[in-house]
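Protein chains: 2
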Amino acid sequence: MAGPTALKSSPAASLRERKKSQTRQAIQREALRLFLEKGYEATSVGEIAAAAGVSPMTFFRYFPTKEDVVISDDYDPLVVEMIATRPAGEPALTRVRRAVADGLARIYAADREALLVRMRLILSTPALRARLWEQQSAGVKLIASALGSRAGWEDGGLASRVTAAACIAAITTATEAWVEGGGREELPQLVEQAFDVLCRELGASNG
Amino acid sequence: MAGPTALKSSPAASLRERKKSQTRQAIQREALRLFLEKGYEATSVGEIAAAAGVSPMTFFRYFPTKEDVVISDDYDPLVVEMIATRPAGEPALTRVRRAVADGLARIYAADREALLVRMRLILSTPALRARLWEQQSAGVKLIASALGSRAGWEDGGLASRVTAAACIAAITTATEAWVEGGGREELPQLVEQAFDVLCRELGASNG
DNA sequence: GCGGATACTGTTAGCGCCTATCATTTGTTA
DNA sequence: TAACAAATGATAGGCGCTAACAGTATCCGC
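Chains A and B, in that order, give the protein sequences. Just so we're aligned, residue 0 is where the first sequence starts under numbering that gives the first Met the number 0, counting upward by one. Just so we're aligned, residue 0 is where the second sequence starts under numbering that gives the first Met the number 0, counting upward by one.
Treat the hints with care, since some could be wrong.
Copies of one chain are not kept apart here, so a pair can be met inside one copy or by any two copies together.
[As the list claims (entries may be wrong)] Listed below are the simulated DMTMM-like cross-link pairs for lysine to aspartate or glutamate, each with C-alpha atoms no more than 25 Å apart in a straight line: (1) Lys19 x Glu66; (2) Lys65 x Glu40; (3) Lys140 x Glu179; (4) Lys19 x Glu46; (5) Lys65 x Glu175; (6) Lys140 x Asp195; (7) Lys18 x Glu29; (8) Lys140 x Glu184; (9) Lys18 x Asp72; (10) Lys65 x Asp75.
Derived by calculation from the structure, the hints in this document are not laboratory data.
All chains, full assembly: derive it from the sequences and hints.
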């Protein structure tokens with residue numbers, strides 16, 4: 000029902016599969032709990048493994064690194080799909096903007112609190128911030144290619160890449176502001192404001 | 000004369016100071032050489048220390064982490080100062096744009112090749128990319144505050160932060176394109192193009 | 001110069017993340 | 001139930017990085 004990797008419920012599978020997703024969830028749950036309780040750096044994977052009733056080795060079989068316990072989700076394909084299925088007439092920025100708004104609305108409605116606490120943890124932990132940026136860099140590539148495939152740009156894709164990077168930057172900034180404000184404001188609204196800045200403030204200085 | 004931390008030559012100091020900056024340079028030089036020779040991950044700090052004729056401990060006394068040997072520079076204050084000393088009438092984006100162009104021109108003229116090889120190493124090494132993003136995040140804060148101090152924005156600084164983030168995103172994208180193109184194009188020119196996208200393409204979709 | 005305060009360096013030991021190898025247990029399938 | 005495949009655990013080790021202590025080189029007042 001919750002957790003970063005949600006948005007898809009898994010119907011009954013074989014016993015083995017069930018146990019796997021069960022221990023995976025146990026690891027992730029205990030990890031999050033310990034991270035919030037005593038901090039990310041101060042929690043060793045040994046402790047997490049012990050709390051989940053599993054050996055340290057097993058931890059790394061489920062999550063390649065300690066960071067992945069917090070970072071891993073699958074939101075990207077959702078947004079990419081939503082960009083691709085937008086009407087072709089819209090300008091690039093608008094397409095990304097609407098697609099992100101739609102995708103975010105779904106995630107936000109289902110997991111608002113979980114998203115807030117998770118983002119707070121990520122943004123306040125250097126190692127996790129780094130991984131977030133890495134993920135966003137991949138997001139830029141995805142958006143850029145979703146954008147560039149049918150635009151008339153001929154600069155080797157620079158325009159679509161800059162556009163995509165600016166969009167991600169806007170979203171990131173809005174998210175930071177959301178977390179810094181303790182979640183008192185609404186994220187989708189902040190994202191809209193950030194895109195407004197991209198449209199108006201920047202567009203106001205042509206030359 | 001060369002090296003990432005250049006742009007300021009150190010006049011003769013005490014013997015101790017001289018030896019310090021000497022071993023510091025030795026470490027950095029040997030590190031770069033080994034990284035380019037056999038890859039960043041495949042080079043241990045022990046090897047670097049040995050090549051520099053120093054103990055592994057001493058390495059960490061000069062550079063807090065292995066990444067810092069490659070990352071550390073002091074370009075940021077240069078750009079910030081150049082933003083601050085711009086005429087007040089200019090729109091935000093233009094101010095950042097000109098300041099970056101000026102600052103980059105100086106760095107570029109002095110260290111073009113070194114910059115290229117260093118950026119190639121950074122962009123192709125996940126751990127170093129992560130550190131670069133961290134540094135850019137600090138750059139966003141600096142630019143945003145240099146921007147927000149005298150603008151008429153009243154949204155808690157969101158506008159200046161988004162603007163700054165978009166600028167950094169444009170610069171980063173241009174740099175990536177520069178490196179991917181093997182340095183055949185000129186970086187300042189690519190940065191200009193990227194800023195053009197910010198002004199024109201994005202500004203074209205108000206609403 | 002000389003002696004003491006000061007700073008730099010090296011050694012050892014250790015923690016934590018992560019990997020490789022191999023034996024063991026557990027679930028699946030015929 | 002027997003043969004097979006998959007998941008797990010134990011051991012050992014590399015690497016980044018830190019702490020504590022001891023040794024050595026520079027600096028400074030005499």
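These are the hints, each one checked on the structure:
1. Lys19 x Glu66: within (20 Å within a copy, 36 Å between copies)
2. Lys65 x Glu40: Intra 10 Å, inter 19 Å, cutoff 25 Å: intra and inter.
3. Lys140 x Glu179: This pair counts as between: shortest inter-copy Cα distance 14 Å, intra-copy 28 Å.
4. Lys19 x Glu46: Within one copy only: 20 Å inside a chain, 41 Å across chains, cut-off 25 Å.
5. Lys65 x Glu175: within (23 Å within a copy, 28 Å between copies)
6. Lys140 x Asp195: both (23 Å within a copy, 20 Å between copies)
7. Lys18 x Glu29: within (16 Å within a copy, 50 Å between copies)
8. Lys140 x Glu184: Cα proximity of Lys140 and Glu184: across copies only (21 Å, versus 29 Å in one copy).
9. Lys18 x Asp72: within (20 Å within a copy, 50 Å between copies)
10. Lys65 x Asp75: within (21 Å within a copy, 32 Å between copies)
In this structure, none of the earlier numbered hints is contradicted; all agree with it.
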